[in-house]
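A.B. asks: Now for the letters of each chain:
Protein chains: 4
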Amino acid sequence: MSQVGLEMFQKAKFVQWLGVEILTLENGICQTKLTVREEFLQQDGFVHAGVLTTLADHSAGGAGSSLLAANERVLSVEFKTNFLRAAKSRELYCYSVCLKKGRSIAVAESEIYPSSETMMARDLRNLIAKSTVTLAVLT
Amino acid sequence: MSQVGLEMFQKAKFVQWLGVEILTLENGICQTKLTVREEFLQQDGFVHAGVLTTLADHSAGGAGSSLLAANERVLSVEFKTNFLRAAKSRELYCYSVCLKKGRSIAVAESEIYPSSETMMARDLRNLIAKSTVTLAVLT
Amino acid sequence: MSQVGLEMFQKAKFVQWLGVEILTLENGICQTKLTVREEFLQQDGFVHAGVLTTLADHSAGGAGSSLLAANERVLSVEFKTNFLRAAKSRELYCYSVCLKKGRSIAVAESEIYPSSETMMARDLRNLIAKSTVTLAVLT
Amino acid sequence: MSQVGLEMFQKAKFVQWLGVEILTLENGICQTKLTVREEFLQQDGFVHAGVLTTLADHSAGGAGSSLLAANERVLSVEFKTNFLRAAKSRELYCYSVCLKKGRSIAVAESEIYPSSETMMARDLRNLIAKSTVTLAVLT
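Protein chains in written order, with the numbering used here: chain L, 1 to 139; chain E, 1001 to 1139; chain A, 2001 to 2139; chain Y, 3001 to 3139.
Do not rely on the hints blindly, as some may be mistaken.
What follows is a list of derived Cβ distance ranges for each label pair [as the list claims (entries may be wrong)]:
| no. | chain 1 | residue 1 | chain 2 | residue 2 | range |
| --- | --- | --- | --- | --- | --- |
| 1 | E | MET1001 | L | ASP44 | 17 to 27 Å |
| 2 | E | THR1035 | A | GLN2010 | 40 to 50 Å |
| 3 | E | ALA1086 | L | GLN10 | 17 to 27 Å |
| 4 | A | MET2120 | E | ASP1044 | 33 to 43 Å |
Simulated crosslink set (DSSO-like; lysine-lysine; CA at most 27 Å straight-line) [claimed, not checked]:
| no. | chain 1 | residue 1 | chain 2 | residue 2 |
| --- | --- | --- | --- | --- |
| 5 | A | LYS2101 | L | LYS88 |
| 6 | Y | LYS3101 | A | LYS2011 |
| 7 | L | LYS33 | L | LYS101 |
| 8 | L | LYS33 | E | LYS1013 |
| 9 | L | LYS88 | E | LYS1011 |
| 10 | Y | LYS3033 | A | LYS2011 |
| 11 | Y | LYS3101 | A | LYS2013 |
| 12 | E | LYS1088 | E | LYS1013 |
| 13 | A | LYS2088 | Y | LYS3088 |
| 14 | E | LYS1011 | L | LYS11 |
| 15 | Y | LYS3088 | L | LYS101 |
Honestly, the hints are just simulated from the structure, not real lab data. It should be emphasised that the depicted structure is a prediction, and the values quoted were computed from it without experimental measurement. Each residue gets a CB set at the ideal place from its N, CA and C atoms; glycine is no exception.
Throw the hints in and build the complete structure from the sequences for me.
C.D. replies: Put into structure tokens, the structure is as follows:
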């Protein structure tokens, strides 16, 4: 696993509080898992958009950071997320891939699925949310 | 205050857990306040992007919902947030305004500032984050 | 080919002026081609972001419209595009897929590549631009 | 007027072809005007989203470029645009303001209105489109 990326997860208290688990983190790809708790929900009983975007954003940062040199780190400049289907599963799986790692900018995208199987298959019929994340590469 | 909008805040457990306070909520405008706790931080000690987007998204939903009829409600379709300055203040203030309330779509934007004064003045030099949120209007 | 989608291309004068060609248009997927002309360029001699987003947006609309009933049509609510690599090829190829077709909202994404081969392979190393498009489904 | 910003408009062939006129360009603000021609329209007879985003993107670049040093220039990294109301006026006016000018990143937003008066008043009830644009600052 990428050491730079790993630290980004371990040192982020909000991500620790949520309980995001890293499944894979290397070569521009980051897969994560989140077990849903009751305090993550919004007014209709689904997972709040803010929890989904935290998962999508941080995993995208992981994907980008797995391509960094030891003296580099990434920081989110902006992201955009579409919420496609209500998040009502007990677990959430996020697949993030770095689309471009430039000298000062990286771009990654994240897809959130309701199960490990649908994530592995990248099954669009079950896609819960999709994010595109612009990262600044800092030295 | 808008009753539909108020319920959206009170029933959302994640927003309750964060401790988002409503300052104003009427006529397409929603102002909220969040007191920062240590578990909101990311790896560099600033407020995590996911906390900022939760505040921005939910306040935008409040702005939209303040224009709804009693049988309508809003749900986030997508949002995009730019992170302009590191969030290191102890409190965050969010100003949200509904740009358009259509029959099936509403659009709102949110600005996060580090103090009540900078929010009141909508002082761009201190703007921490800016979101645009697309909402579905459901009946 | 989807008849609803086809008309959307034939009746759009700006898309006709650009010269966008439809390669495939069915089952939620739309592939298009654009031959670059000198008047499409920006100040550095690359294709202008506005030309890229027109191609991405309209092709995404095509992908969505290929799933419509005869009495439905789509209209762009919003889109977001990341520009990953300078567009300096003589032709541009756009691959669009509909991620979700709901009753009132559809979401599609578009990827622009510099050649037919890189589009067919969806080769991320050559990806020029990536868009996510939210469409209103109107009756 | 900002010289760096001015050149960005004069050298961009696509923007010249559209006929974008600069009204003001200084101190982080850029106002532009576009007279609608028939070849700008989409399938329903309104101005195509791609024309609107070209105007919004290029004007945002102008707003950012007006704050640059002589050896700097800006390039769009990404943008997101919401289309709020059908563009059916004969002229379009765009108001762009730079929200932040950093060392390597700038962020600007653009609002498109149907008349000079509605732009001057920044009258949200007539807002046609709103964009947020992330710019890379290059040296």
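A.B. asks: Give a verdict on every hint.
C.D. replies: Checked hints:
Separation of MET1001(E) from ASP44(L) is about 21 Å and conforms to the stated range, judged on CB atoms against 17 to 27 Å. Distance hint for THR1035(E) and GLN2010(A): a CB-CB separation of about 57 Å, inconsistent with the stated range 40 to 50 Å. A C-beta distance of roughly 20 Å is found between ALA1086(E) and GLN10(L), which places it inside the suggested range of 17 to 27 Å. At about 41 Å, the beta-carbon gap between MET2120(A) and ASP1044(E) stays in the expected band of 33 to 43 Å.
Distance restraint check for LYS2101(A) and LYS88(L): the Cα-Cα separation of roughly 19 Å lies within the 27 Å cut-off, and the hinted pair is therefore satisfied. Note on LYS3101(Y) and LYS2011(A): the hinted pairing is violated, with a Cα-Cα distance of about 41 Å set against a maximum of 27 Å. Between LYS33(L) and LYS101(L) the alpha-carbon distance is near 24 Å, which keeps this suggested pair within the 27 Å criterion. For a cut-off of 27 Å, the pair hint linking LYS33(L) to LYS1013(E) stands: about 21 Å separates their Cα positions.
Between LYS88(L) and LYS1011(E) the CA atoms are separated by roughly 16 Å; this keeps the pair inside 27 Å, and the hint holds. Under the criterion of a C-alpha separation no larger than 27 Å, the hint pairing LYS3033(Y) with LYS2011(A) is consistent with the structure, at around 26 Å. The straight-line distance between the Cα atoms of LYS3101(Y) and LYS2013(A) is roughly 37 Å, outside the 27 Å bound, and the hint therefore fails. At most 27 Å may separate the alpha-carbon atoms for a hinted pair to count; LYS1088(E) and LYS1013(E) meet this at roughly 25 Å.
In summary, the hint linking LYS2088(A) to LYS3088(Y) is not supported, as the alpha carbons are separated by about 33 Å, beyond the 27 Å threshold. With a C-alpha separation of about 31 Å, the suggested pairing of LYS1011(E) with LYS11(L) is violated against the 27 Å cut-off. For the suggested pair LYS3088(Y) and LYS101(L), the alpha carbons sit about 41 Å apart, so the restraint of at most 27 Å is broken.
In this structure, the hints that do not hold are numbers 2, 6, 11, 13, 14, 15, in rising order.
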